[in-house]
Amino acid sequence: MTNEELILKLKKIVKPYIQDENAFENLTEETDFINDLKINSANLVDVILDVEDEFDIEIDNDAMEKMLDIKNALAIIQSKLA
Amino acid sequence: MTENEIKAVLPYQKPFLFVDTLTNISEEGITGSYTFKKDEFFYQGHFKNHPITPGVILTEVMAQIGVVCLGIYLLRYENLEINAPKIALTSHAIDFFLPIHPEEKVTVISEKQYFRFHKLKCKVKMINAKGELVCRGEIAGMISK
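Chain order of the listed sequences is B and S.
Just so we're aligned: 7 in the working numbering is position 7 of the first sequence, and the numbers increase by one with no gaps anywhere.
Just so we're aligned: 134 in the working numbering is position 134 of the second sequence, and the numbers increase by one with no gaps anywhere.
Simulated from the structure, these hints should not be mistaken for laboratory data.
Model, not experiment: these values are computed from the prediction.
Only pairs whose alpha carbons sit at most 25 Å apart, straight line, appear in this in silico SDA-like list of lysine to any residue:
#1 B:K15 with S:F115
#2 B:K66 with S:T90
#3 B:K66 with S:R116
#4 S:K123 with B:I13
#5 S:K145 with B:A63
#6 S:K123 with B:D53
#7 S:K123 with B:E52
Chain S on its own, in the form it takes in the complex:
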């Protein structure tokens, strides 16, 4: 399954789609990136006159790339099959190290821990454009066709 085929079945859209590119797609993991726009909706309120990407959004970026995109690959969607997967976030534990400002590019690297009985659990980390660790942790969700 290719990058574009995975993106075609993603159940998100603007302003809540946080996947630009996907690389290193395999049974064991996935890497992907997203560049925050200058005018993302959450910068209006987080914080007043001082835009910083909320931790929940960083977690969302890691979940979309690291768990949902990898899960779609593992579900083995056939070519042109575009029914969206049923997904639910079930747990996450993330530690944060650096802030992310508007227009910054982040890269998410996800390693599968297990995918059994529709539950996908991954070890996920995010790095900034300089390669510095932004956040890391574990995210799990249920995913099925």
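Same shape as in the complex, but just chain B:
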């Protein structure tokens, strides 16, 4: 799966949890889930659980701690899918 395809899927997953519409519309690989999209920590867990379901992968604690922005999320999902 290309990063562009992954970003589309990620956008769909994070949409219900974001506060900052503007940051969401202008989302790039540099976008940070908490600082830019203003997702709260509990909803970040929901994002991770939804990512697990969507891609049929398992995210462990170490990976979870790194999944703070789109770039790292893509890297982790790609490595689990590989």
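Please build the complex by placing chain S on the supplied structure of chain B, with the hints as guidance.
This is chain S only, laid out in the frame that chain B set:
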């Protein structure tokens, strides 16, 4: 972890402690009860001359028993470790069916949906002394040592 060990680390006190007893404590869920006193502080204003337990308090009872007490158990506190857990309510969706009056006893039954990355989400219901459904829904919170 026993009922009393869980209660010892609860971060609440009067007039906002709503846990009397805990039973059926397991990895998958917990049951607990609370009996409302005749003179709980919120009856002074809810409602004028007509005391009924507020829905937010019923939600609080369900959260304290069903999520916080279960969370403390799942965090595996060691014996005599009494540093209070860090907790935050993060979401709830509750439907209410029956009113609860002063001196009524309620029982809360909570089933864990998941506990991952410090987030505990539970399916919780409350029944009255007759076994009738008072309210039910989902409550989630963040909890860590």
